[in-house]
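Hints are included, so try docking the two chains, each in its own frame, into the full complex.
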Amino acid sequence: MTIEAQHEVDTFDVELEADVLVIGGGPAGAWAALSAADEGASVVVAEKGYLGTSGPFGVGAGTGIYYIMPDDQEQRDTIVDARQPIAYGLSDPAWGYRVFDQSYANLDAIAKWGYEWPRTPDGTRESRGNLRGPTIMAFLRSILVKHNVTILDHSPALELLTSDGAAAGARGVNKQTGQTWQVRSGAVVITTGGTAFLSGILGDKTHTGDGYLLAAELGAEFSGMEFTGQYHAAPSETLLTRGAYRSGVGTYYDNNGNPTREGRQMVNAILETGGAWDQLDRTDDPVVQDLVRKTHPIAFQYFERKGIDPFKERYPVSFVLEGTMRAGGGIAIDDDLATSVPGLFAGGDCTSREKLTGGGPPGGGPASAWAFATGFFAGQSAARFASSYGRQSATREVTAAGRFGTGRVTKREVAPDEIISVVRDEMLPAQKNYWRTGPGMTASLSRFESTWRGAIPSLGWLAHGNAKLTARDRLRTREAVSLLAAGRWIYASALARTESRGLHRRTDFPSYNPEFEGQHLISGGLDEVWVRKVPHVNTLSEKLKVA
Amino acid sequence: MIEFINEATCTDCGKCVEVCPTDVFELGAAGVPEIARLDDCTSCMNCELYCPTDSIYVSPIRTPEVGLDKAAVIASGILGSYRRAMNWENGQPPVGTGDNWALQLRERRGESPPDVKGDRDGDIRMRLYNVRDRNLIPVK
Chain A
105 MTIEAQHEVD TFDVELEADV LVIGGGPAGA WAALSAADEG ASVVVAEKGY
155 LGTSGPFGVG AGTGIYYIMP DDQEQRDTIV DARQPIAYGL SDPAWGYRVF
205 DQSYANLDAI AKWGYEWPRT PDGTRESRGN LRGPTIMAFL RSILVKHNVT
255 ILDHSPALEL LTSDGAAAGA RGVNKQTGQT WQVRSGAVVI TTGGTAFLSG
305 ILGDKTHTGD GYLLAAELGA EFSGMEFTGQ YHAAPSETLL TRGAYRSGVG
355 TYYDNNGNPT REGRQMVNAI LETGGAWDQL DRTDDPVVQD LVRKTHPIAF
405 QYFERKGIDP FKERYPVSFV LEGTMRAGGG IAIDDDLATS VPGLFAGGDC
455 TSREKLTGGG PPGGGPASAW AFATGFFAGQ SAARFASSYG RQSATREVTA
505 AGRFGTGRVT KREVAPDEII SVVRDEMLPA QKNYWRTGPG MTASLSRFES
555 TWRGAIPSLG WLAHGNAKLT ARDRLRTREA VSLLAAGRWI YASALARTES
605 RGLHRRTDFP SYNPEFEGQH LISGGLDEVW VRKVPHVNTL SEKLKVA
Chain B
1162 MIEFINEATC TDCGKCVEVC PTDVFELGAA GVPEIARLDD CTSCMNCELY
1212 CPTDSIYVSP IRTPEVGLDK AAVIASGILG SYRRAMNWEN GQPPVGTGDN
1262 WALQLRERRG ESPPDVKGDR DGDIRMRLYN VRDRNLIPVK
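The listed protein sequences correspond, in order, to chains A and B.
Everything in the first sequence is counted per this note's numbering, starting at 105 for the first residue and increasing by one.
Everything in the second sequence is counted per this note's numbering, starting at 1162 for the first residue and increasing by one.
Excised from the complex, chain B in its bound form (with noise of 0.2 Å):
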């Protein structure tokens, strides 16, 4: 769930209001968003990606965090995290995933061909691994 907004460098751009899927902000009178419906957080993020300032915390787990210190959870620099792993700027996506660390991951794994022996899907295990690289697309 969310916990907090970072006053100190929230512009009040108003991203987070308009991605919310669940409507969990609420623009405050001085233009300021709120949490206002924090049981309607679903966790997702999307808060802190679209975010262009790094300005808002989202805890992973689905009910509020007791005992949470803001000031040192700001002071540890995880603000921006997820964004930073989604390479995302400014609130914008890349174009594209910006990374090929799954491609880097299938190759240093590797993979050694499956042992079928008294499998009864066995024959189909092996054509999967037979076909497994086959959906890499040529670059123009």
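Same shape as in the complex, but just chain A (with noise of 0.2 Å):
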């Protein structure tokens, strides 16, 4: 097995130069690009499906989303203390104000751009905290048109470009043409999402932590990767892990018959009965039902084309990992929204979200205002950083930063699909995921580690007989790559916080652990896989106190 010379002729199908390149077209990628545009940059978006209905927001017909206002403060204290409690002394407060202001202020210009808010029955005053995803990016996507802004679909980007250590662009492929890419830039934003490690919930599949391993690859960090153990329950056989849609009339129950919570005591109530279900049973009014039912479109379409009456029978449900996706750890990021490389900044669920909600669960509603909010933020942070290159952005020197799985082989040993099985039978489980322990994860580690050491640095992708199949072998290649490298991350640092907080469960510390007490993990390496501990600073707070 040989890696090949890795570009045997340096040149694209497409080619194009950009100030700004962002790679991912969720809700963050969106706002990064029109950040960045109104910054006076040229803005390419490479999106690896499509900019519209990619990814959780894309598909999620109901999210929330949170904003404080302008001139009341009771409302804007209220909101930004609700999530300290649960952010476990991992938070700056200045940051809710700072996020849920942005997001306010990116909802207001869709306002004025159009977008019709709905409005109370008497007309008075309307609501912008509901979003239909598919709805929103959608219009979105017609602003981005408006603001000249490149869009590249089915495009994931496979590897950076790199000029004196900073961020310079990106190479990939179209799925659907099989055609190669290059974008030249003078910044990059990753707001690729986070990943479920494809445990089948809503847009998973284009969410398999790609932009976790470009930034790897230069040299970024990651925070708080052991707040991931985020699973949620939803109708068994669907994908629909979400809860607003049940919130305030559904009751859960074991196998038993016995009420139960989402959370600890589903877990136990599946692991310890054997199963847990649903009924929508606290509201026999049919007003309200109906209202229900009409709120959350693509919820009662599960329940609609299966011949379900939720309201009045039983429906099973599973508890399925969400994982980054809906859970606070990810790339880390200053109070700009840089990562530690020149160049390279990220927004939306591929960050860390521990400014916002520390150790806890974002839920949807800080989710996607922490998306709307950072993907602005990140898009402005790399106009600036690319307009001090001028002209020259375009011109410089690059290399390819890729370093494992974007060579070509003749032969594979060990396929991408088997990788991907391993880490799944890992990070899958709420036994081993959910409920953590020390032993269970040193053994997930040391099966990490030797599929690492057998398979990865001899991994490549094969040509095949047309370019659209050679195109998806090498992205699924780098996703198994991916996939990997999170979740050695996340087991890492798992097992370096000795205790229970948040979104991190140990079975073996059930408790807090002083030591950890205002204690950030820091992780990252490839070959070598490193967690190193760091205090907690407000660091905004303390920069607006000095301002």
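Just so you know, these hints were derived from the structure itself, not from any lab.
Wrong hints could be hidden among the right ones.
Below are the EDC-like pairs computed for lysine to aspartate or glutamate, each with C-alpha atoms no more than 20 Å apart in a straight line [what the hints assert, rightly or not]: (1) Lys1301/B with Glu230/A; (2) Lys410/A with Asp1215/B; (3) Lys398/A with Asp1260/B; (4) Lys1301/B with Asp226/A; (5) Lys216/A with Asp1260/B; (6) Lys416/A with Asp394/A; (7) Lys536/A with Glu517/A.
What follows is the structure, given as structure tokens:
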């Protein structure tokens, strides 16, 4: 097995230049592109799927979003304060105000662009707190087009470009045409979302941690990767890990018919009684039932199409991993959304959300606000960084930064799908990742290490008879590396945190450990994974005090 | 997972091919979209939403349906039900949500103050209750 010359010919079917390249076209990527364009930057967005339908936001029919009012101090303080007890000492309240102020501004911009927010029945007030994902993304896409943003759909980035240690663009393929592309840019924003390790939740198939690998190959670091033991109930056989449709009207039951709660109780109900059930039995008002049905279209398509009346009968639910698609760990960023790599910025679910929600769950509303706001900030920072290069950014010498799975091989001893299945075996089961143990994670990590050493250094992609199959093979190869790398950072961090806190639960260390009070775990590395403890600082609060 | 395309009403416009985030479709010889990579489908239903003629049926479950009667599903009139619920028309979104069901629900259900006796988070729950309607923005 030999890795052939990595790029036999350094030419690409599509070659573009831009001040800012945004990788990932969900809500964070869309806002990054818009804010960069507003700064006067030329912008390209490379999206793995389709900008408008990809990811958990593009498929969610109803997603909440938090915002705070500019002139209502009580509302502002309450919304920000409410997150602090469930952030476990690892958030910065100033970031709460900053994020929810920005999400308000973004939602206000949407209103100014002509989007009609729903009004109260008396017509006097409107709410911007509930988003229909596919509808709002279609709207944002039309705004991006008006801002002259170039959108590359079906175009996953496979590796970053670098120049003097700074991020300088990316290369990838088009899944639909098999074409290769290269974008040289003055700065790069990664907004590729989190990953659920292909557990089968809505929007998870495009979300394989690709941005983590791209960033790590240039030396970016991660924070809070242990706060990732996030699971959610979904009607069995479906991908609907959404709670909003049943909030206030549903009751969960264990397999013996006793009421149970989301979270620890439900996991134990499933493990101990063999199953869990749900019924929307807390209202018998037909008007409320009808409005619940209409408010949550995608959830109710399941009931309608399967012939289930959820108000009258119980339906089975499973507990499914959502991972970093709904938990706080991710790429470490500073107050400007810069990573530790010059010219590389990140926003949305692929970043660590600890500044906003600490070690606890970002939930739907704060997470949407985080995507809208940090995407916006990251695009702005990237445009400013790129402008310091002026025209030079497009002509400087660049090299490809991909280190694993980017070369072509003539045969493979381990297929990417086999690597992915090892990762899923260790990450998906609630017995391993919801309830974590030292010995369990040591065993998982040792399997990951032997898989990495045995398969990854020699891993490459196979050329196929047609360009499209080749493009898909190249993507799958990189996805396997990304998922394995993410699993290693998660369990290495989780093993190092010898306590339980927030979305990190250890049965061998069930309580807080004062040693970890106010301590973040930063992790990184590809050849060797490392973890280090760093004390929490309210960086933004401190800065604002000085200012 | 996507179950079928209704060839009788499909106009071969190719929109489903364009918007599918996981590239499930392939344009066949005659320009007709075909389900080429079923395993990649995530049941996101966006192909249904963007289809201008309600010619696609996606099952909400993650595995192929056993013994699904295509003719009966078409005859039931369910094709397009997700699009209608989302207020999309002819493959186009409304400019806005197109309804206010969530706000009607909020008003109908009302909310009484939380019982916070002995609750260590009682203070913040009560504060949240007190500001619950203060994110509503007056219409100019």
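Hints and how they fare:
1. Lys1301/B with Glu230/A: Cα-Cα ~10 Å, so holds.
2. Lys410/A with Asp1215/B: Holds: lysine 410/A and aspartate 1215/B sit about 19 Å apart, inside 20 Å.
3. Lys398/A with Asp1260/B: Given pair lysine 398/A, aspartate 1260/B holds - Cα atoms ~9 Å apart, limit 20 Å.
4. Lys1301/B with Asp226/A: holds (14 Å)
5. Lys216/A with Asp1260/B: holds (19 Å)
6. Lys416/A with Asp394/A: holds (13 Å)
7. Lys536/A with Glu517/A: The hint is violated at about 28 Å.
Hint check: a violation occurs at hint 7 only; the rest are consistent with the structure.
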